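**Q** These are the residues of each chain, in order.
4 protein chains.
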Amino acid sequence: MGYHEWKNCIDACLKCASICNHCASSCTQEEDVKMMARCIELDMQCAAICYSAAQLMSMGSSFAQDICRICADICQQCGDECSNHHTQHCQECADACKACAEECRRMTGVAA
Amino acid sequence: MGYHEWKNCIDACLKCASICNHCASSCTQEEDVKMMARCIELDMQCAAICYSAAQLMSMGSSFAQDICRICADICQQCGDECSNHHTQHCQECADACKACAEECRRMTGVAA
Amino acid sequence: MGYHEWKNCIDACLKCASICNHCASSCTQEEDVKMMARCIELDMQCAAICYSAAQLMSMGSSFAQDICRICADICQQCGDECSNHHTQHCQECADACKACAEECRRMTGVAA
Amino acid sequence: MGYHEWKNCIDACLKCASICNHCASSCTQEEDVKMMARCIELDMQCAAICYSAAQLMSMGSSFAQDICRICADICQQCGDECSNHHTQHCQECADACKACAEECRRMTGVAA
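Chains as they are written, first to last, in the working numbering: chain A, -2 to 109; chain B, -2 to 109; chain C, -2 to 109; chain D, -2 to 109.
No wet-lab data here; the hints were simulated from the structure.
Identical copies go unnamed one by one, so any copy, or any two together, can satisfy a pair.
Straight line, CA to CA, 25 Å or less: simulated SDA-like cross-link-like pairs of lysine to any residue:
id: 1; residue 1: Lys4; residue 2: Glu27
id: 2; residue 1: Lys4; residue 2: Thr84
id: 3; residue 1: Lys4; residue 2: His82
id: 4; residue 1: Lys4; residue 2: Ala34
id: 5; residue 1: Lys95; residue 2: Arg35
id: 6; residue 1: Lys95; residue 2: Gly57
id: 7; residue 1: Lys4; residue 2: Gln26
id: 8; residue 1: Lys95; residue 2: Asp63
id: 9; residue 1: Lys31; residue 2: Gly57
id: 10; residue 1: Lys4; residue 2: His83
id: 11; residue 1: Lys4; residue 2: Glu99
id: 12; residue 1: Lys4; residue 2: Gln62
id: 13; residue 1: Lys4; residue 2: Arg35
id: 14; residue 1: Lys31; residue 2: Lys95
id: 15; residue 1: Lys31; residue 2: Tyr0
id: 16; residue 1: Lys4; residue 2: Ile67
id: 17; residue 1: Lys95; residue 2: Glu27
id: 18; residue 1: Lys31; residue 2: Gly(-1)
id: 19; residue 1: Lys31; residue 2: Met(-2)
id: 20; residue 1: Lys4; residue 2: Val107
Bear in mind that the values here come from a model prediction, so they are computed numbers and not experimental data.
Bound-form chain A, shown alone:
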């Protein structure tokens, strides 16, 4: 297993990582930053895990599934938090996080 077999999950992780970075940065520019505090925190964590999951998958690592299991959990939690906010970046981020959680679960053999 490796890059080509896991391509959908790699793409979902990379999209999610980038959108989380964008969301965190956009949240700091909102009028009510305090309301976005938890979102910023989770975005940062989600971006970090998504990049490393994509890295291990693209390397064809035997640890890729282990990290995708954690990635699914962080993405789910980040997506749930983003869903609470109505800014465009949070809505985009919620979608990307949920799509990534689903791909990670599929890739690890847990029915989504």
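The hints should help you fit chains B, C and D onto chain A, whose structure is shown.
**A** Frame of chain A, contents of chains B, C and D only:
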């Protein structure tokens, strides 16, 4: 400027990073690894810079263009090296590197 | 040049990256998050560039000095912003950023 | 829990990541690169997971222990492989990997 304006370049960087990781890892499994040594080295460097360029662009950083300038140079060098090898992963990687170098140059205002 | 010759700069970059992540995350938990918005943004960018500078140096890359030049600039800007805040995490972060900027300048041959 | 409580483990992860990058890059310059192929592969994976474990810990993430569990396993495997080779970079890397595995186990509550 940020995620949406730089999306083509972000996508090119992330694709290039993943394919470089895949290429480096695949190179280690070739019969003649020694011939791939320089390719592995540049793949590792190219993946590192591409991820960080994508990160800074997705954060909307005012330093994004500075890093994309370096990224274009590493991608060019890595793509040139990969072009010398006829394995599928090196050919794919050469294409991804050259596409990424071009996007980085476009994004920094240097005609590609 | 590589890991052993650049060890001081690598260590400064890694320390700075970790403290920036800690500072960003701690800023989100402050009473007045809005006041910390710019600090969070720069912390995120500074962490990203510091990790990749450390990666390229530890790989012995010929592009290490190019990235350390940018790293010095981001660290300086992030350290200046952090200096404005009196929380412990911002003060620690200001110190780490300034030390890292100095090491990056030394490593690139610019007198600190 | 966060940066200060997990500092020993963060430092061990960052040191291990850097030394793995250095080892992978140095392995490509050995006379017998083929003999180092597995070492290069594991170094790349180990560096990726160690950086992200350090990131999540420095952010004070509630997922830090989950990733440190995987990190301990990759470090152990990478350290075992590096132990087989007598170059200086492999011996240094074996030591850094084993120290990191131990810190990760301690941090997750598994007696080292």
